[in-house]
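Q: Residue numbers (the working numbering), protein chains in the order written: chain B, 99 to 871; chain U, 5 to 182.
Think of the hints as simulated: they come from the structure by calculation, not from any bench. For each residue, glycine too, the CB sits at the ideal point set by N, CA and C. Wrong hints could be hidden among the right ones.
[Unchecked claim] One side of the interface only, derived from the structure: several residues of chain U facing chain B at Cβ under 7 Å:
hint, residue
1, G50
2, E87
3, V104
4, V109
5, Q110
6, C114
7, T115
8, D148
9, K150
10, C160
11, T161
12, Y163
[Stated by the list, open to error] Computed far set for chain B versus chain U, every beta-carbon distance over 12 Å:
hint, residue
13, K112
14, D172
15, N249
16, S300
17, T362
18, D388
19, N405
20, D475
21, I487
22, R508
23, I569
24, S662
25, L696
26, K786
27, I853
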Amino acid sequence: MNTDTKIIGTPVPKHDAGIRVTGKAVYGHDIVLPGMLHGAILRTKYPSATFTIDVSEAKKLPGVACVITADDIDTNNISFKRDHPVIKAGEVNCIRDEIAAVAAETKEIALTALSLIKVKYKKRKGVFDPFEALKPSAPKINKFSIGNFKNKNIAGEFHYEHGNLEKQKKRSKIILTRRFSLPRMTHACMATSNITAAYSQSDGKLLLYSSTQVPFLYQRDMAHALKMNPSDIRIIQPVIGGGFGSKLDMYPFEPICALLSIKTGKPVQILYSREEEFIASPTRQPMIIDLTAGIDSKGNFTFREVNVIKDNGAYTSWGATTPFVIMQAFSSLYKIPACYFHATAVYTNNVFAGSFRGYGNPQATFALERMIDMLADEIGMGKDEIRLINANEQGEITGQGLHYQTCGHRQCLESVIKSSKTKIRTTSNERYKKGIGFASMLHVGGGAKIYRSDGCGSIVKIDPYGFCTIITGANEIGQGSETVLAMIAAEELGIALNKIKVINSDTDIKPWDVGVHASRTSFVAGNSLLGAIKKLKNKLNAKARQLMNEPSADFIYESGYLFSNQTRSKIAIDKVVREMQFTEPNELAIAFYFYEPLSEFQDKEFKGNVSGTYAFASQSIEVEVDTYTGNVRVLNVHVAQDVGKVLNPLLLEGQIHGGVLQGLGYAICEELLMNSGMILNSNFHNYKIPTASDIPEIHFTPIETNDRHGPYGAKGVGEAPLIPTAAAITNAVCNALGIELLELPITPERVLRAINGKQTSRTKKNLTVRNGK
Amino acid sequence: MKNSDTGSFIVNFNLNGKDVKAEISASTLLLDLIRNTFNMKGTKPGCNEGECGACTVLINDVPVNSCLYLAANINGKTVTTIEGLSCNDGSLSAVQDSLVKNGAVQCGFCTSGMALCIKALMFEYENLVNSKLTGKKPKLTENDVKKWLEGNLCRCTGYVNIIKSALELINNVERKSG
Ligand code: FES
Ligand code: FES
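Go ahead and model the full structure; you've got the sequences and the hints to work with.
A: Spelled out as structure tokens, the structure:
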């Protein structure tokens with residue numbers, strides 16, 4: 099591939115920023131269709147109850163077009179495990195549960211109608227602790243659950259192992275056991291959840307304006323829920339106001355909106371209020387991680403033994419598959435001779451968890467990177483040294499079968515170690531203490547084969563005016579995929595960026611793509627587009643040879659021209675296209691390509707090279723702790739990330755900054771608080787996300803390992819920056835104070851408790867074993 | 005101006021440089037008036053409870069959360085929304101251009117509010133410079149900018165490039181006022 103690029107690697111501003119910065123971008127909230135009704139959903143008052151419902155008064159209210167309950171609809175269950183009824187019948191199991199829905203002429207009428215619905219509840223005790231749910235005496239929480247598990251409240255189990263655990267335990271000089279506890283964090287996308295449905299009774303077609311990040315999976319899920327043909331459902335994505343994984347699943351409000359439209363024959367829109375967004379959109383999985391790990395006398399890691407309990411909530415989302423990623427971190431981040439991993443997702447009457455940027459990896463990385471610091475302390479090694487000794491290497495095939503054809507782990511570590519000053523721990527009787535913490539991460543960097551195809555289709559065409567249209571399966575959710583694709587086309591075809599259009603938001607038009615997840619878009623969609631461009635250039639080249647009478651010429655595409663490599667004579671690209679199109683044998687300047695990454699499915703034991711490439715990153719973070727108040731201030735964050743190749747430094751930086759700040763929120767302030775199944779902090783006042791005054795200095799060093807499978811050598815980047823952040827911040831706080839924190843977020847209260855030597859309640863079961871070698 | 009039959013008011017105000025009039029009820033919020041009556045969708049509803057800043061507009065050049073502002077109080081005032089921030093010929097204003105060039109826009113849902121808040125900061129700063137009360141040139145630090153933007157939440161960008169934009173714009177004001 100051509101290595102001296104002109105556009106790739108330059109800070110091109112976002113292709114679609116203009117409409118966003120002028121207020122012209124149309125988000126779901128901005129859609130108005132003729133005759134549109136407004137939908138609203140009635141949710142249960144109690145997290146666990148049986149109920150009867152009477153909607154007769156609501157139906158009578160003037161302006162109400164339709165009221166539905168479970169009795170009025172014929173749907174299949176939704177969710178990853180099809181254990182989630184669209185509207186609940188007679189029984190509710192978490193505080194999000196939908197029990198009725200209204201469509202009315204205005205939002206106000208719809209809300210008034212909800213208040214007229216009479217519900218009689220018979221409260222039940224509810225089970226809110228996964229360990230309680232696993233007791234034989236616990237009631238069965240989800241009656242639709244399937245699978246053959248040893249306990250009725252298990253939603254899913256994952257088991258993985260490699261190496262000889264017992265042998266490695268014997269070899270170990272130090273063995274530590276700790277219990278880590280991770281909170282519910284919510285996406286808090288700036289645009290709340292939204293959908294507009296328009297059903298046409300004349301032809302039975304359903305049009306959905308939906309902010310999904312996986313439109314083709316969504317189309318299939320919607321069809322399953324509504325018992326329709328998937329192809330009768332057309333999904334158009336409006337501009338999406340934040341995704342971060344929250345839009346990987348389809349949720350009940352979406353088929354509900356479709357049903358309201360089907361019943362009324364009119365377009366219906368549902369917009370969540372902010373409170374509803376906090377209550378009814380999914381969260382990052384809360385987890386309890388029991389980790390035992392060992393180290394030999396030279397500082398080599400010997401084994402990891404992991405048991406994860408995930409609070410699944412009442413229903414099962416895609417998030418239940420996060421153990422795929424969690425086990426990868428435990429089995430393959432740093433060299434690990436033996437690993438035993440078991441994860442259990444347990445039903446409770448809490449709100450259900452979904453998928454969130456990082457997909458289980460921030461939790462796993464928190465546990466394992468905290469553990470590394472504790473092992474270093476026990477054996478008396480530097481926190482930097484111990485990581486360097488065990489760092490992953492290029493060419494390594496891990497116990498799980500991940501093949502690191504390129505690997506920047508060591509360079510990442512060396513970079514952040516160098517750029518942060520070590521040994522800044524201050525003396526003991528000052529109020530403010532500083533500390534430094536390190537953490538690394540491993541994540542898929544070239545998609546992840548978890549669905550039947552991890553591929554992406556592209557169509558590229560050039561019109562007679564020399565403009566290029568890219569029709570891609572890939573989705574834009576704010577991350578910049580449109581820009582990167584436009585840059586690739588500009589680079590390869592020599593067409594100016596402002597002459598490139600990207601069409602990517604309509605399932606009736608665009609070719610298949612599995613969706614935005616696993617940091618896959620640049621890699622998979624980029625390779626797909628390159629494939630299509632190559633085919634298109636073959637056609638253009640053939641025509642140009644004929645037109646220029648240079649039968650053996652090759653062409654360089656630049657500034658709207660094809661330059662012959664033999665004579666340096668040139669021909670305009672639009673001229674070539676016109677000649678193709680308007681003279682015999684008339685042909686279009688269009689080509690398509692389907693790219694499927696070379697990754698493999700993992701086998702039953704979860705072994706196999708699941709991604710086209712792997713991304714690595716390290717962070718070193720400096721904090722200052724106020725020992726009087728317990729307040730943590732993050733001062734400096736050094737990020738080194740193996741991105742393969744920088745495609746666009748401006749966009750890349752944006753992903754790093756945004757990711758780090760989400761990781762900072764996860765570390766120090768974000769937790770969706772629950773008490774007996776009720777959410778306690780359903781607004782921005784009580785659920786604090788970081789603001790402009792919370793930002794640290796972020797110093798970013800990209801590490802380029804030029805992966806030969808990536809477009810121009812690039813790897814996925816989107817999720818990585820938040821994965822090690824919480825671990826590194828907590829390590830820094832522990833380093834500053836000489837304490838042991840095992841739980842997130844590290845609120846002032848938790849810091850003060852730890853200073854006073856009190857363990858918090860959820861994290862016991864900690865053990866140290868020293869072998870006398 | 006109150007119509008006693010329907011309980012509605014007429015308000016007259018200036019919206020993005022044009023004198024306009026609207027019939028509203030006592031409880032109409034400025035955000036809804038702008039989005040629904042005037043059909044300008046650039047002002048974003050992020051929370052409708054005064055916590056996120058996405059709905060920020062300028063009222064007489066001062067940033068206000070339009071989701072908390074009763075439209076009844078707008079009579080006689082001047083409102084600038086994101087639609088009014090672009091130059092007359094439709095090209096990007098300095099604030100918008102700077103946000104784009106600095107990579108300060110990702111999903112964009114916070115962007116209208118951020119842009120107006122930064123615009124207001126420029127006005128503030130200009131006023132400070134012009135008032136010449138202190139004799140020496142007023143200085144805006146990075147921390148001042150961060151504090152100023154504290155009420156505007158962004159989940160995508162980590163704020164870094166937004167702050168960079170704001171600082172650049174302020175420096176330009178400083179240079180021009182020489
Ligand atoms: S919508 Fe007004 S502050 Fe959030
Ligand atoms: S750019 Fe998405 S919220 Fe700011």
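Q: Compare the structure with each hint and give your call.
A: Against the structure, the hints:
1. Taking 7 Å as the C-beta contact cut-off toward chain B, the hint placing G50(U) at the interface holds, the least distance being around 5 Å.
2. The interface hint given for E87(U) holds, since its Cβ lies 5 Å from the closest Cβ of chain B, which is under the 7 Å cut-off.
3. Given hint, V104(U) at the interface with chain B, holds; its Cβ is 4 Å from that chain's nearest Cβ, closer than 7 Å.
4. Proximity of V109(U) to chain B holds as hinted, the smallest CB-CB distance being about 5 Å (cut-off 7 Å).
5. The criterion of a C-beta within 7 Å of any C-beta in chain B is met by Q110(U), whose closest approach is roughly 4 Å, and the hint holds.
6. Among the interface hints, the one on C114(U) holds; its C-beta lies about 5 Å from the nearest C-beta in chain B, closer than the 7 Å criterion.
7. Interface restraint check: T115(U) against chain B, minimum CB-CB distance 5 Å, threshold 7 Å, status holds.
8. At about 11 Å, the closest approach between the beta carbon of D148(U) and any beta carbon in chain B exceeds 7 Å, and the interface hint on this residue is violated.
9. A distance limit of 7 Å between C-beta atoms decides the matter here; for K150(U) the minimum to chain B is near 5 Å, and the interface restraint holds.
10. Look at C160(U): its Cβ gets to within about 5 Å of chain B, closer than 7 Å, so that hint holds up.
11. At about 5 Å, the closest approach between the beta carbon of T161(U) and any beta carbon in chain B falls short of 7 Å, and the interface hint on this residue holds.
12. The beta carbon of Y163(U) is positioned within 7 Å of a beta carbon in chain B (closest approach about 4 Å), and the interface hint is therefore held.
13. With a least CB separation of 6 Å from chain U, K112(B) falls inside the 12 Å interface cut-off, contrary to its annotation.
14. Every C-beta of chain U lies more than 12 Å from that of D172(B), the closest at about 34 Å, which supports listing it as non-interface.
15. For N249(B), the shortest C-beta to C-beta distance to chain U comes to about 37 Å, beyond the 12 Å cut-off, and the non-interface label holds.
16. Annotated as non-interface, S300(B) keeps its C-beta farther than 12 Å from every C-beta of chain U; the closest such distance is 29 Å.
17. At roughly 21 Å, the least C-beta separation between T362(B) and chain U is larger than 12 Å, which holds for a residue marked as non-interface.
18. At roughly 32 Å from the closest C-beta of chain U, the C-beta of D388(B) stays outside 12 Å, upholding its exclusion from the interface.
19. Residue placement check: N405(B) keeps its beta carbon more than 12 Å from all beta carbons of chain U (closest about 33 Å).
20. The beta carbon of D475(B) sits about 31 Å from the closest Cβ of chain U, which is more than 12 Å, so the claim that it is off the interface holds.
21. With a least CB separation of 32 Å from chain U, I487(B) remains clear of the 12 Å interface cut-off, as annotated.
22. With 12 Å as the threshold on Cβ separation, the claim that R508(B) sits away from chain U holds: the shortest Cβ distance comes to roughly 27 Å.
23. The non-interface label for I569(B) is consistent with chain U: the shortest C-beta to C-beta separation is roughly 22 Å, beyond 12 Å.
24. With a closest Cβ-Cβ approach of about 37 Å to chain U, S662(B) is found to remain outside the 12 Å limit, as its non-interface label requires.
25. Distance check for L696(B) against chain U: the nearest CB is about 30 Å away, which clears 12 Å, and the non-interface claim stands.
26. A beta-carbon of chain U comes within 12 Å of the beta-carbon of K786(B); the shortest separation is about 10 Å.
27. For I853(B), the condition that its CB be more than 12 Å from all CB atoms of chain U holds, with the nearest at approximately 28 Å.
Hint compliance for this structure: hints 8, 13 and 26 are broken, all remaining hints hold.
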